[in-house]
Amino acid sequence: MASVSFEHATRRYPGTARPAVDDLDLTVDDGEFLVLVGPSGCGKSTALRMVAGLETVDSGRIRIGGRDVTDIDPKDRDTAMVFQNYALYPHMTVAQNMGFALKIAKMPRAQIRARVLDAARLLDLQPYLDRKPKDLSGGQRQRVAMGRAIVRHPQVFLMDEPLSNLDAKLRVETRNEIAALQRRLGATTVYVTHDQVEAMTMGDRVAVLRDGVLQQCAPPRALYRDPANVFVAGFIGSPAMNLFTLPIRDHSVALGDWVVAVPRDISDNAAEVIVGIRPEHFDVGGVGVEMEVDVVEELGADTYLYGRIIKSDSVISQPVVARAGWRDPPARGSRLHLRPEPDRVHFFAPDGRRLR
Amino acid sequence: MSGLTERVIKVNVVRAAALYAALIVVAWCALFPMLWALSGSLKKEAGVSEPTLLPAHPQWSNYGLVFALMPFWRMLLNTMLYAGCVTVGQVFFCSLAGYAFARLPFRGRDTLFLLYLATLMVPLTVTVIPQFILMRTFGWTDTPWAMIIPGLFGTYLMRQFFLTLPTDLEEAAILDGCSPWQVYWRIMLPHTKPAVMVLAVLTWVNVWNDFLWPLVMIQRKDIATLTLGLVWLQGQYVSRWPVLMAASILILLPLLGVYAFAQRAFLRGITVTGFGGR
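Chain order of the listed sequences is Y and H.
For the first sequence, this note's numbering begins at 1 and goes up steadily by one.
For the second sequence, this note's numbering begins at 1 and goes up steadily by one.
Just to be clear, a hint being listed does not mean it is correct.
Heads up, incomplete: computed chain H residues facing chain Y, CB under 10 angstroms, no partners named [stated by the list, open to error]:
hint : residue
1    : 167
2    : 171
3    : 175
No farther apart than 20 angstroms at their CA atoms in a straight line, the calculated lysine to any residue pairs in the SDA-like style are these [as the list claims (entries may be wrong)]:
hint : chain 1 : residue 1 : chain 2 : residue 2
4    : Y       : 134       : H       : 177
5    : Y       : 75        : H       : 177
6    : Y       : 311       : Y       : 254
Computed list of chain Y residues with no C-beta within reach of chain H, every gap over 10 angstroms [claimed, not checked]:
hint : residue
7    : 7
8    : 58
9    : 81
10   : 104
11   : 173
12   : 218
13   : 247
14   : 296
15   : 302
16   : 354
Simulated from the structure, these hints should not be mistaken for lab results.
Remember, predicted model here, so these are calculated numbers, not experimental data.
Ideal placement from N, C-alpha and C gives every residue a C-beta, glycine not left out.
So that you can see chain Y by itself, here it is in the shape it has in the complex:
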């Protein structure tokens, strides 16, 4: 196993205005599970492919285990990749698919067989070794793709949205399996996804990318509690954090009729501030911001209320989302009060920087 470092790595596709990956500086520690997450087109897959060597690095370096691999052929980098569509060779059986890289490396046949069997046992694939990919279910194909990577004992596992072709239930199961497998193998893993739940549940650390630029890289909990900017705040968490852009008056801002004090160090230096409150950080009932409920979304364990804020007894167009308990959810059209948990209110500058 080995660490992976991006050192100011940049990839610019010919004919595009801005780089797909822009000056990425990031180190994945030995044995770490790092998730690259972001909306589509944010450069996360490109970054992964730069490690694999499938994408050229226009400037900066890529290191694996301290070795500079920037100009080294993909096959000599000792990485294994799991593709979104699995990229199983359709004309080969499961066993042949899994053993192909070893065969190309001219490993003795008995040894290939042993390694394939080991991996098959690990992934419950023994009954399918002689089948062709077309005769497997989506989940089985996914496991073959994993097995193909595992048999190589690579220094680094690279996974490009490996769960996106599975149905919801299987995705949750496989998510846990992959995370457990990674911990058992202790393999350095870079995992790309656009799904923030995958990112939060699987990664030791999560790197959020936007437009090719790294926004924040932190453990999931830190990402959730202390987002570095408005983008991360809005991207991590579902439903997304409520973000209100409000003018500062007398060291405070008014959300509807409810006034929130802004810390002095912020209010002294700005005329406007973005206030962020997660839906789950409102206490429903009692005092606080008044809202009118437009939509009630009952998920069983939780209920989410979508509505608009009320100011001076009339509804203003400022939308708001809040979480309510699963017992006795409020009805559509009802009015109620939301009290933000004071130490869970985030402040961002108008340019998106975190202030507090």
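With the hints as your guide, set chain H onto chain Y.
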């Protein structure tokens, strides 16, 4: 049954009848020359132009005459040898070149491909003299080499097919440690079967039916093709139409055999590659 359903059924029946009538006409137009040749091959020389498809006394001896008048088996063997070699060569070299044009990045690739496409637009009749001179320089005129080497149409077809294959497979193979040759040979080529079938059948038929090139290149009877044999038959026995038709039918039979054998794969190939006819 309501009047409406009855009317709908009636319209459907009329529509189907019209469709079948049209199809029968087209099929007849396609089949008639073949039937005429078949019928002519069984007629007496004097009655060859009689407007009947079923001769009263079928002259099977016309077929015997074909074997007597031309070295049919020798020519069949030659033609099969040429067609086989050219087909294997086409499939191999065209898929290799097609793969390179589709996937390997190299400087000037697309310009080179356009140049290659441009050469396809030059008809054989224009290039036949320069090609003859080339063959003569190599000392290959009137030898089987002249029949086997030239002609590589299929690069375009194979390139287009390679372009449709997912790049993931190739990238997976590259990460698995394959060289470009191994990617082509072990991963990509096995997926081009439909295109290969189309190319193989088209090439086979093309070589089988080719007349101009063998006519230019070959003089010796022992290395001649069937089409040459047919023409030589005509030159010597200009009036013996029934024998000529019998020979034509015999030459056609192996092609029908190839088609019957490869039909399924060929049709699949045409639908997959989108190359119907040319």
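Of the hints stated earlier, which fail here? 4, 9 and 10
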